[in-house]
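A.B. asks: From first to last, the protein sequence lines are chains A, B and C. As numbered in the working numbering, residues 1 to 111 make up the first sequence, in order. As numbered in the working numbering, residues 1 to 600 make up the second sequence, in order. As numbered in the working numbering, residues 1 to 131 make up the third sequence, in order.
One should not assume that every hint holds.
Unchecked claim - Covered stretches of chain C, going by a simulated chain B footprint (3 or more residues, C-beta under 8 Å): (1) 10-21; (2) 24-38; (3) 111-125.
Derived from the structure by calculation, the hints contain no laboratory data. Quick caveat, the model's predicted, so the values are computed rather than measured. Using N, Cα and C, we set each Cβ at its ideal position, and we do this for glycine too.
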Amino acid sequence: MFERSRTGAVNIISGNDPLNLENIPGLEKLLDDCLVIGQPRVVFDLERIPLIDSAGLELLLRYQDLCAERGGVIKLAAPTPLCRDILTVTDVISRFDVLQDSLSAVGSFSR
Amino acid sequence: MNLRSAPQSFSRRLLGYFLLFGLTSIIALVLGVISFERFLREDCQDEQLLGRIQEVRGLLLADQKQRGGVGAQALVTLLGSEDDVAYAAIVAPDGKFSAHTKRSQVGQPGNHDLLQGSGDSLIERKIRSNDGQTVREYWAPLHAGGNTLGCLQVGVIHAGERSWLCHMGDSLPMACMGPLSVLLIGVIVLWREARTNAVIESQLCAVSASKSPADFRLQPLTSGGPAAEGWNRLVEQAAGRRTASSLEASLNRSLNGMQERRTERLLNALPEGVALTDKDGKISYANRSFSILLQQPSNLDLRGKTMPELFPAGAKLQLENAHLTRPVVFEVQFSQNPTDGVLRVGRNPMAGDEQPAAVQHVWTVSDITQQKLADEMRNQFVFAATHELRTPLANIKAYAETLSMHEITDPEQQKRFLNTINSEATRLARFVEELLNISQLEAGSLALSRQEVDLERLLNEVADKVRPQMLQKHISFDTQLPVKLPKLNVDKDKFTSALVNLLGNAAKYTPDNGHITFKTVIGQRDVQISVEDTGIGISREEMPKLFTKFFRSSDERVRDIPGSGLGLSFTQEVARLHGGKLLVHSELNKGSQFTMIVPA
Amino acid sequence: MLDSPRYSVLVAEDDRVMSDVIRFNLERHGFKVVVARDGQEAVNRLQCERFDMLVTDYQMPRMNGEELVRTLREARPDDGMPVILLSARGMELDAAQLQAELRIDMVMFKPFSPRELSEAVASCIRQHAVA
Numbered sequence: 001m002f003e004r005s006r007t008g009a010v011n012i013i014s015g016n017d018p019l020n021l022e023n024i025p026g027l028e029k030l031l032d033d034c035l036v037i038g039q040p041r042v043v044f045d046l047e048r049i050p051l052i053d054s055a056g057l058e059l060l061l062r063y064q065d066l067c068a069e070r071g072g073v074i075k076l077a078a079p080t081p082l083c084r085d086i087l088t089v090t091d092v093i094s095r096f097d098v099l100q101d102s103l104s105a106v107g108s109f110s111r
Numbered sequence: 001m002n003l004r005s006a007p008q009s010f011s012r013r014l015l016g017y018f019l020l021f022g023l024t025s026i027i028a029l030v031l032g033v034i035s036f037e038r039f040l041r042e043d044c045q046d047e048q049l050l051g052r053i054q055e056v057r058g059l060l061l062a063d064q065k066q067r068g069g070v071g072a073q074a075l076v077t078l079l080g081s082e083d084d085v086a087y088a089a090i091v092a093p094d095g096k097f098s099a100h101t102k103r104s105q106v107g108q109p110g111n112h113d114l115l116q117g118s119g120d121s122l123i124e125r126k127i128r129s130n131d132g133q134t135v136r137e138y139w140a141p142l143h144a145g146g147n148t149l150g151c152l153q154v155g156v157i158h159a160g161e162r163s164w165l166c167h168m169g170d171s172l173p174m175a176c177m178g179p180l181s182v183l184l185i186g187v188i189v190l191w192r193e194a195r196t197n198a199v200i201e202s203q204l205c206a207v208s209a210s211k212s213p214a215d216f217r218l219q220p221l222t223s224g225g226p227a228a229e230g231w232n233r234l235v236e237q238a239a240g241r242r243t244a245s246s247l248e249a250s251l252n253r254s255l256n257g258m259q260e261r262r263t264e265r266l267l268n269a270l271p272e273g274v275a276l277t278d279k280d281g282k283i284s285y286a287n288r289s290f291s292i293l294l295q296q297p298s299n300l301d302l303r304g305k306t307m308p309e310l311f312p313a314g315a316k317l318q319l320e321n322a323h324l325t326r327p328v329v330f331e332v333q334f335s336q337n338p339t340d341g342v343l344r345v346g347r348n349p350m351a352g353d354e355q356p357a358a359v360q361h362v363w364t365v366s367d368i369t370q371q372k373l374a375d376e377m378r379n380q381f382v383f384a385a386t387h388e389l390r391t392p393l394a395n396i397k398a399y400a401e402t403l404s405m406h407e408i409t410d411p412e413q414q415k416r417f418l419n420t421i422n423s424e425a426t427r428l429a430r431f432v433e434e435l436l437n438i439s440q441l442e443a444g445s446l447a448l449s450r451q452e453v454d455l456e457r458l459l460n461e462v463a464d465k466v467r468p469q470m471l472q473k474h475i476s477f478d479t480q481l482p483v484k485l486p487k488l489n490v491d492k493d494k495f496t497s498a499l500v501n502l503l504g505n506a507a508k509y510t511p512d513n514g515h516i517t518f519k520t521v522i523g524q525r526d527v528q529i530s531v532e533d534t535g536i537g538i539s540r541e542e543m544p545k546l547f548t549k550f551f552r553s554s555d556e557r558v559r560d561i562p563g564s565g566l567g568l569s570f571t572q573e574v575a576r577l578h579g580g581k582l583l584v585h586s587e588l589n590k591g592s593q594f595t596m597i598v599p600a
Numbered sequence: 001m002l003d004s005p006r007y008s009v010l011v012a013e014d015d016r017v018m019s020d021v022i023r024f025n026l027e028r029h030g031f032k033v034v035v036a037r038d039g040q041e042a043v044n045r046l047q048c049e050r051f052d053m054l055v056t057d058y059q060m061p062r063m064n065g066e067e068l069v070r071t072l073r074e075a076r077p078d079d080g081m082p083v084i085l086l087s088a089r090g091m092e093l094d095a096a097q098l099q100a101e102l103r104i105d106m107v108m109f110k111p112f113s114p115r116e117l118s119e120a121v122a123s124c125i126r127q128h129a130v131a
């Protein structure tokens, strides 16, 4: 189960399911909603996301590019140690700003 | 250069050749004329001689008639003494010499084959004498009254001079041809000599006629000569320069193309919107971020549009009174609600535009929504904080001063005053704590320090904290706890604050004599703690903004009640940090129910 | 302390804790005190009763202090009833401008001294009585 919330002009995507092939369609819909108007500012809250698989990594990279095309960015927040390892091993982490928690991620947009 | 050491300059050579061939032909002509004249003169001499011969012939005939030919020998000898006459003789009709300059020859047979010639005409013939000299022989028949006396034979020798003259006479046509051929050769030589220059000249003329130097290509010369060689070098150099310059030009073109593409890519990669307007205010360039920021369809070509067309209808472009050359910066909001987007728009005159009337503008647009919201929050915060800090402080000061100022003998009243001071101090302390939490929240450093907590004790502590507030407003407070409560691994202080917040809100927004239920349900995987009140409730419109920091309902009843607008966002954050969430059910004027769910 | 007739003061203050202490102090100074819980209530009170003095908080529900004074001045332009404005705001409030525009006698910032308030009320009433 994933959901999108808004803090100011920042979209926060959070959820407690693994970021895998099965959950991609729902996430795509949420992320597409972030891309509709203006420059997307998205925080992907990974705090309660137990696992990311290759499809999930691909999704992150794809939407990072889509956001960048519109002058926006996706930031990752609070990945679990496992998720952080997955992101690090695949070097996907280098494409993202990773923050300690979603609040500081949201806060980083106002700087 | 070795051009300098060239033997002669062209003009000198031309002059030299001109003089050479001119003089040569003149000399040849003069020689020809002289020799012809000489020849003519020789002819004249011959005629004299012939006249002499005729004269002698006449004398001979007269002598024959009068004296029977006694003086013949003497006349022949006389003739033989003439210049150029080698010999003279009279051949008798019998073919023997009847007289001869050489007396020994008299009576000797001579040539008489010409004797049969008739008439008085002189016969000339050339014979070659024994010593190799060409001798011209004149035969003059001697006729006197029908009988032939013989024939006068005169041998004339042209000495060396005379033979050269004869030779010259033979080669007279050649002598005429001389100057002609000299002139012809001169023409050819001069033509060859001048050809190099002519080619160079024609090329130079073509260069001067062509509009730009690049249009004309110089041709190298094939014929030799230092001038041609020099010209070829020049041509080579020019060609080299032209290739270099054309290479440079094409390099520049491709570089410029690259530069343009790079600039284009650079501008499109900018998160800030950049656009250029011409002197009519029409857009001549806009990068990708520009149309995105102005919420225009990405496939729409913005060129030719003006700025006011692009901004939302309500947005006011603060450009009045701004001179065209003055940089302007202003903010544009998409709607009344800054959350919908706030743009900072800058307009700067393009550098290098001299005339103010024709000024082009560079527009920059950046999205400052988040900064704007943060600013607004800070302002709200400062505003709320000053009020919230001052109110209890003012009360404490007023009561303390009143206590010290007047002699209050009634111990009940004294106690009441002191209690008030105490509760106001508590209110102040609570607010300061809230501020601290919020500042952590703001800084994003709200971290949990989890520990095992006895939930029952925690809930009771929370209930005790808010109970006085409820009592003050005569609110009935109902606490429902299950029989057995588990231990939870939570951040005790933050968890407590969150629940106190919820109960405090319930107490604040529930009118006197209301009812509040504090209920805990243990689920299979989670714990649900709910606070239900019979308060003023939350309108449907304001529900989405409920957890926004510093949000305070516009409901007048809420505005009356002091609050920072931070409590709920803090509580939600605490729930989220614990891996749980905060749910709300509320109905305006009936009451609200907040449920905090945390994993067990 | 003023002699009778007792002057009456309307105190518009939403915070009960604060209004209590104001009432206590002013009563100790011999004034008759009526407390209104917000601006609107104060307006209603002003319509049916006569007061010698108005002490109002700035931030109040329904109608704030500024609006209250403005309503008062518009309703009775000739009545120069003295007004003291209490405010928990600091710099945000342009006190001088308010004082001039609404003929407010004094703006006091919270936290204030109750004794100063009492003295100010007394002096305002005295000045008004003389005028």
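A.B. asks: Against each hint, give a clear statement of whether it holds in the structure.
C.D. replies: Each hint tested on the structure:
no. : hint    : in the structure
1   : 10-21   : holds (count 6)
2   : 24-38   : holds (count 4)
3   : 111-125 : holds (count 5)
Checked against the numbered hints given earlier, the structure satisfies every one of them.
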